[in-house]
Amino acid sequence: MAKVSMTVNGKAASGEAEGRTLLSSFLREELGLTGTHVGCDTSQCGACVVHVDGKAVKACTMLAMEADGAEVSTIEGQANADGSLNVIQQAFQDHHGLQCGFCTPGMVMSAAALLKDNPKPSEAEIRHYLEGNLCRCTGYHNIVKAIMAASGQDVSSIAAE
Amino acid sequence: MPKDNGIGASPKRREDVRFLTGAGNYTDDINVHGQAHVHFLRADVAHATINSIDTSAAEAMPGVVKIFTGADFAEVGGIPCGWGVTDRHGNPQQEPRHPIIADGTIRHVGEIVAAVVADTLEQARDAAEAIELDLGDKPAVVDMAAALGDGSTKVHEDLTSNLCYDWVFGNDDDAAVQAAFDSAAHVTTLELVNNRLVANPMEPRVAIGEYSRGSDEYTLHTTSQNPHVIRLLMCAFVLGLPEHKVRVVAPDVGGGFGSKIFHYAEEAFCTHAAKACGRAVKWTSTRSEAFISDAHGRDHVTKIELALDADNNFTALRTNTLANMGAYLSTFSTSVPSYLHGTLMAGNYKTPIVQVNVKTVFTNTVPVDAYRGAGRPEATFQLERVIDKAARELGADPIALRRQNFITQFPYETPVALTYDTGDYVATMDKLEQVADVAGFAARRAESEAKGKLRGFGVNCYIEACGIAPSNIVGMLGARAGLYDAATVRVNATGTISVFVGAHSHGQGHETSFPQVVAEMIGIDESMVDIVHGDTGRVPFGMGTYGSRSIAVCGSAMVRATEKIIAKAKKIAAHLMEASDADIELKDGQFTVAGTDKSVAWGDVTLTAYVPHNYPLEELEPGLEETAFYDPANFTYPAGAYACEVEVDPDTGKVSIERFSAADDFGNIINPMIVDGQVHGGLGQGIGQALLENAAYDADGQLLSASFMDYAMPRADDVPFYQVDHSCQTPCTHNPLGVKGCGEAGAIGSPPAVVNAVVDALQSAGKDVTHIDMPLSPARVWAAMNG
Ligand code: FES
Ligand code: FES
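Protein chains in written order, with our numbering: chain A, 24 to 184; chain B, 11 to 797.
Excised from the complex, chain A in its bound form (with noise of 0.2 Å):
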């Protein structure tokens, strides 16, 4: 067990991990970080995605011990001053872009960083993106209109809320 530090949304958190502890328990059961999620053992499903240093990574592929120092951004961390939904949430919100949540919080990071890079994406260009990302519940249709409308594009034209 050694002591690990980083800045997690903004504020300094520091916990024990083993040598192969995983970002994504450090932040689940040491931090209580419980919005970040684990879906899978093989870094397919992206329910863990989070921010390190700005980039989006899959927390279960990254050992707790090398995002020591890191600055962490995740889902817990995303709403607005205030506490209301950012611009990202509120799109999910109202596009029905989520059903059970399980996924959302890695589908929310990860829409998050593709916007940052590519701030008005393609629908190809979204659903190429979210290849990391599996989610069983909504057939990715209003995901990835939650996205483009988070991204500012008009999709009053795609069928069906």
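Source of the hints: derived by calculation from the structure; they are not laboratory data. In this text the structure is predicted, and so the values were computed from the model without any measurement. Positions of the beta carbon are idealized from the N, C-alpha and C atoms, including for glycine. Be careful, since some hints might not be right.
Simulated restraints on C-beta separations [claimed, not checked]:
(1) N330(B) - K78(A): 53 to 61 Å
(2) H43(B) - D76(A): 34 to 42 Å
(3) L487(B) - G55(A): 47 to 55 Å
(4) N796(B) - E39(A): 58 to 66 Å
(5) M24(A) - S225(B): 34 to 42 Å
(6) H43(B) - E39(A): 15 to 23 Å
(7) E39(A) - R28(B): 26 to 34 Å
(8) S180(A) - N330(B): 43 to 51 Å
(9) E39(A) - V542(B): 33 to 41 Å
(10) S180(A) - D129(B): 54 to 62 Å
(11) K78(A) - D778(B): 46 to 54 Å
(12) G224(B) - S107(A): 40 to 48 Å
Far from chain A by the CB rule (all over 10 Å, computed), these chain B residues [stated by the list, open to error]:
(13) S481
(14) R500
(15) H516
Starting from the structure of chain A, add chain B with the ligands where the hints point.
Showing chain B with the ligands alone in chain A's frame:
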């Protein structure tokens, strides 16, 4: 103007805020003070005798609390099967014991052989590696036909064979059915596979057992679609515990699709072990464990024959199916290939003679049970594929052939025991032709061909039986449970309402849609109504959520309970206004005396119910809380027509879905936004089955596609935007909301459209391809084109 409140409105989902901010409360998010962790040592061979298990070295490892083997569960019951099917000779299904931990024999890869409870999960895993197993290998039984052959190894030595039951349904007069085929002008025959699938909700299963020595009470937190059912099965059949001493909680659950209906060994284990270890015991499935321990779905092999007369009317249908049960009977396994499948074989058509033959088979594979649609996708796939093949053989238009044979009179009694109360298959097909822009297909095909791609159009209809169903009928058919549901409406003194519902929401948005109904009935704002679900300690009773039943069955119970509330509230209002309760009207949350301007508000009445100073205490109890149990009079019958357009790359065999259109009749709709989402999700899964997903076993019983690296889940770029329409609405005639249910339609109605479209594309290039088994991977499509 669309409504913004009440029935028919699409308010934003209230559950979303917690899910979008990381504030959900899923089972794995829960940690109990002092909990230990269990790691299950699972079989890595499909079939073996356990000669001995030596746990002594493991017990000495750091942190180990206790190690359990099959012997520790010899005295408790096995996991029960909830449906007893009677075979064609009147005999019961063969039903083997389904132990919590393997009791001397391993029967599938993934079966629990030992359980290690330790202070930490890592310690439990490390100790499990020190357990020494001496196994005697036995041949694995994997192929269903071989399993039924003479001399096959038996999965269960104590059963007479690997046959669970041999069942016939519909017209069981073989000679009469054969005569119909003999006199047919045309017979179309098709052999097909309905591929084995893994439900894969994104949240893996979790169970946390707790025991309080002080109160002698147990609590199980579990990822379940039906906590009351789990409590009943676990208490009455497995552990022999008094139900009132056991609380089962299913908090936020990350999707189910059927796989979280069933009572699983891990739930009973954690509950039992909590007492045995003197501390809470937690298990969180990894995805790798989920693949070999969650019940799988589908896995049917079928031969279907359709007879037509000289005018292309369907005259008879006969099917012969082998259905895989896996190694043990999971909770609803035996009902899926029988009553949830055979009853749907008439489809949307007035075929007068239907005979369904099903043999269910034990194999050394993971148990198979309901997965979204459960039996109905299997029925729809066969029927809609054989109709398409018949249309090609006869040179008929596939849409016209279907239209010609549609049932148009309702109620309609099918030859397979159902009575469709209402529907309009012509209207949904008309709507589909419009939504799918059938007229524009030729131009789109020309565009694809100009790019060197083949384009195909496929259509199918579906009908499903939802909201299962009158308890006395399903009891006669072998169900060992009632299939009603329950709701308690608790009105607080200040007029806010908690509705305790037996349905469970794990993505369906009940927390938003159920209050819409109650708010509309009373005429108050939805924000005054909340539902409570998923906790046997709070909700009086309920059968849970599956089979698209929540709004049709539990919603109806909620309506009945709310009606009782309104009736009592009117009595209180009548007393307050010194009028007769027959004269009281309730509108927009105001009680008025008809024909006068006297009124009292909802909140005045609710306060009076709890502060009964001016109150008819001789006639009426104080308080305002009512419960209703609702047992449906019939199934509900959502139906519709779906169309798929594909492009096929002739060089690689890769299929891409260019358009997918759905025209559904769900009867009345509470929340159109949520209904659209349910259809989208079902379509995603149906397209996944058609193109990508396959739980493949090798001859030794090893699951080859046992992770997301090998099992192809649909991703965002595998699917298009869907065109979804549910404006055709024939309300259900026998429930108070006129609703039919919408949760499974997309998964039921989409696979045949995809396959029909691919066959159409290949035939457009002159390929003599009449069928390809799902999933239509590039390799399979390419081989069909070039073989
Ligand atoms: S948990 Fe990280 S990708 Fe699945
Ligand atoms: S909303 Fe359930 S997995 Fe995406």
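(request) Please flag the earlier hints that this structure goes against, numbers listed from lowest up. (result) Hint check: 15 fails alone, others pass.
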